[in-house]
Amino acid sequence: RKEVEQDPGPFNVPEGATVAFNCTYSNSASQSFFWYRQDCRKEPKLLMSVYSSGNEDGRFTAQLNRASQYISLLIRDSKLSDSATYLCVVRAGGGNKLTFGTGTQLKVEL
Amino acid sequence: GAGVSQSPSNKVTEKGKDVELRCDPISGHTALYWYRQSLGQGLEFLIYFQGNSAPDKSGLPSDRFSAERTGGSVSTLTIQRTQQEDSAVYLCASSSDSYGYTFGSGTRLTVV
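The listed protein sequences correspond, in order, to chains W and H.
If you read the first sequence in my numbering, its first letter stands for residue 353, the second for the next number, and so on.
If you read the second sequence in my numbering, its first letter stands for residue 50, the second for the next number, and so on.
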């Protein structure tokens, strides 16, 4: 079983739609959680951290369910510029090494 | 510099040759990481340096791969006797704390 699992997509949505991505992780000792965004042929960039209480940054909302080992990202009012691959990222306890999911591809269309 | 700098940005090499990839992290960042990403695949951890501690080499795929970090700053990833399956984008990242990483733009390695 992969340490971090994501649906690869692609998710094709119209502009203005709300879309949600899910991710599961296998290591119950994981302590930090992130969503990264990766544009085609570019490096990954930090989108947001994920906190136990849930957190929001503009149109983006991230949630964590430790009991189910599940992370989600909700994007409201999708823009064409949101088209990218979204990587679910987990840090296990005891170090700084991050484990990346293979990503979920989002395509926002007119 | 303002960001993580990697060189070269592209490298084409013949099978069996050695290559060196360079990473210059953000000044003051104590942690430095190497990952690779093959076409359409996720990021694969290779090696991690943290301050003066022994590096975590657990992700290096074979003994043809090695890396060093000199003076707690610049890092070099060396691949000896390159094989076609080594073709990938090699990404370096640095961080200063337990927050996320900042990645460089990567070196695209093609072994022909």
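Some hints here could point you the wrong way.
[Stated by the list, open to error] Heads up, simulated BS3-like pairs for lysine-lysine below, C-alpha to C-alpha not over 30 Å straight-line:
#1 W/LYS459 to H/LYS64
#2 W/LYS431 to H/LYS106
#3 W/LYS459 to H/LYS66
#4 W/LYS431 to W/LYS459
#5 H/LYS64 to W/LYS431
#6 H/LYS106 to W/LYS394
#7 H/LYS106 to W/LYS459
#8 W/LYS354 to W/LYS449
#9 W/LYS354 to W/LYS397
#10 H/LYS60 to W/LYS394
[Stated by the list, open to error] Partial list, derived from the structure: chain H residues whose beta carbon lies under 7 Å from chain W:
#11 VAL61
#12 GLY65
#13 LEU140
Hint data in this document are derived by calculation from the structure and do not stem from the laboratory.
Just so you know, even glycine gets a beta-carbon here, dropped at the ideal spot from N, CA and C.
Against the structure, the hints come out as follows:
Restraint check: the Cα-Cα separation between W/LYS459 and H/LYS64 comes to about 37 Å, which exceeds 30 Å; the hinted pair is violated. Proposed proximity of W/LYS431 and H/LYS106 is contradicted: the alpha carbons are some 40 Å apart, above 30 Å. Using a Cα cut-off of 30 Å, the hinted pair W/LYS459 and H/LYS66 is violated, with the two alpha carbons roughly 39 Å apart. For the suggested pair W/LYS431 and W/LYS459, the alpha carbons sit about 10 Å apart, so the restraint of at most 30 Å is met.
For the suggested pair H/LYS64 and W/LYS431, the alpha carbons sit about 43 Å apart, so the restraint of at most 30 Å is broken. With a C-alpha separation of about 25 Å, the suggested pairing of H/LYS106 with W/LYS394 holds against the 30 Å cut-off. Taking the CA atoms of H/LYS106 and W/LYS459, the gap is near 36 Å; set against the 30 Å cutoff, the hint is violated. For a cut-off of 30 Å, the pair hint linking W/LYS354 to W/LYS449 stands: about 16 Å separates their Cα positions.
At roughly 22 Å between alpha-carbon atoms, W/LYS354 and W/LYS397 fall within 30 Å of each other, so this suggested pair holds. The suggested pairing of H/LYS60 with W/LYS394 holds, with an alpha-carbon distance near 16 Å, which does not exceed 30 Å. Checking H/VAL61 against chain W by beta carbon gives a least distance of about 16 Å; that is not within 7 Å, so the hint is violated. Violation of the interface hint for H/GLY65 is found here, the shortest Cβ-Cβ separation to chain W being roughly 27 Å, above the 7 Å cut-off.
Here the hint on H/LEU140 is kept, as its CB sits about 6 Å from the closest CB of chain W, short of 7 Å.
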